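This is what each chain is made of:
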Amino acid sequence: AQSVTQLDSQVPVFEEAPVELRCNYSSSVSVYLFWYVQYPNQGLQLLLKYLSGSTLVESINGFEAEFNKSQTSFHLRKPSVHISDTAEYFCAVSRRGSQGNLIFGKGTKLSVKP
Amino acid sequence: EAGVTQFPSHSVIEKGQTVTLRCDPISGHDNLYWYRRVMGKEIKFLLHFVKESKQDESGMPNNRFLAERTGGTYSTLKVQPAELEDSGVYFCASSQEFEATEAFFGQGTRLTVV
Chain U
1 AQSVTQLDSQ VPVFEEAPVE LRCNYSSSVS VYLFWYVQYP NQGLQLLLKY LSGSTLVESI
61 NGFEAEFNKS QTSFHLRKPS VHISDTAEYF CAVSRRGSQG NLIFGKGTKL SVKP
Chain A
1001 EAGVTQFPSH SVIEKGQTVT LRCDPISGHD NLYWYRRVMG KEIKFLLHFV KESKQDESGM
1061 PNNRFLAERT GGTYSTLKVQ PAELEDSGVY FCASSQEFEA TEAFFGQGTR LTVV
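From first to last, the protein sequence lines are chains U and A.
Numbering-wise (this note's numbering), the first sequence opens with residue 1 and increments by one.
Numbering-wise (this note's numbering), the second sequence opens with residue 1001 and increments by one.
Hints were generated in silico from the structure; no laboratory data involved.
Watch out, some of these pointers could steer you wrong.
To be verified - Below 25 Å or equal to it, Euclidean Cα-Cα: the simulated BS3-like pairs (lysine-lysine) are:
#1 K1044(A) <-> K49(U)
#2 K1044(A) <-> K1015(A)
#3 K1078(A) <-> K1051(A)
#4 K1054(A) <-> K1044(A)
#5 K106(U) <-> K69(U)
#6 K1054(A) <-> K1078(A)
#7 K106(U) <-> K1041(A)
#8 K49(U) <-> K69(U)
#9 K1015(A) <-> K1041(A)
#10 K109(U) <-> K1044(A)
#11 K49(U) <-> K1078(A)
#12 K69(U) <-> K113(U)
#13 K1044(A) <-> K106(U)
#14 K1051(A) <-> K1015(A)
#15 K1015(A) <-> K1078(A)
#16 K109(U) <-> K1054(A)
#17 K1078(A) <-> K1041(A)
Because the structure is a prediction, the values reported are computed rather than measured.
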């Protein structure tokens, strides 16, 4: 069975500071990795994903995540955050070669302060 | 193109009553998923439809929950009778491929059972 651990339930940061949201997973099979974001009063949106190839993946709004197989991690980073990045971020995995249901972590609330 | 749409956005019902949630997936997406997030916990998989067939309903909590997808288009999730622990946010997602490398989520239905 797969599981996802997001170590930080809340991360407060100041605007323009760097941020890292941690995600570790456990799986006996190969997985796909995802980060979803939920802005206030909105649904879940896919932020970025790792399927194969380069272990560093990027989103259009400056976030990046690196797949580290040896550490079973997929941490999300941004070098300089904006107020508009305030949201809840969810790390998720799905099994390769299987149906696409996702296994989520508990989420990390990122709060960006001016 | 319209995204995944869920109705209602909020529902407050009394314990013992019945509630029906609806999900309209993205047109052409054969795969439809229901997830639930109970307050403070992970978003958890409930079930997966491929067209009108239930592919996997291993996440359904008990027989008070009934999901249908007649005609392989929209889906409904009925809770009857509702209990206090059913409160949470119910998300619907859809994807084009069985091995979902990307799932599109709706805004969710916030269900409160009092």
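Outcome of the hint check:
no.	hint	verdict
1	K1044(A) <-> K49(U)	19 Å, holds
2	K1044(A) <-> K1015(A)	22 Å, holds
3	K1078(A) <-> K1051(A)	18 Å, holds
4	K1054(A) <-> K1044(A)	17 Å, holds
5	K106(U) <-> K69(U)	21 Å, holds
6	K1054(A) <-> K1078(A)	15 Å, holds
7	K106(U) <-> K1041(A)	6 Å, holds
8	K49(U) <-> K69(U)	15 Å, holds
9	K1015(A) <-> K1041(A)	21 Å, holds
10	K109(U) <-> K1044(A)	18 Å, holds
11	K49(U) <-> K1078(A)	32 Å, violated
12	K69(U) <-> K113(U)	33 Å, violated
13	K1044(A) <-> K106(U)	10 Å, holds
14	K1051(A) <-> K1015(A)	32 Å, violated
15	K1015(A) <-> K1078(A)	14 Å, holds
16	K109(U) <-> K1054(A)	33 Å, violated
17	K1078(A) <-> K1041(A)	22 Å, holds
In the structure shown, a violation is registered for the earlier hints numbered 11, 12, 14 and 16, in ascending order.
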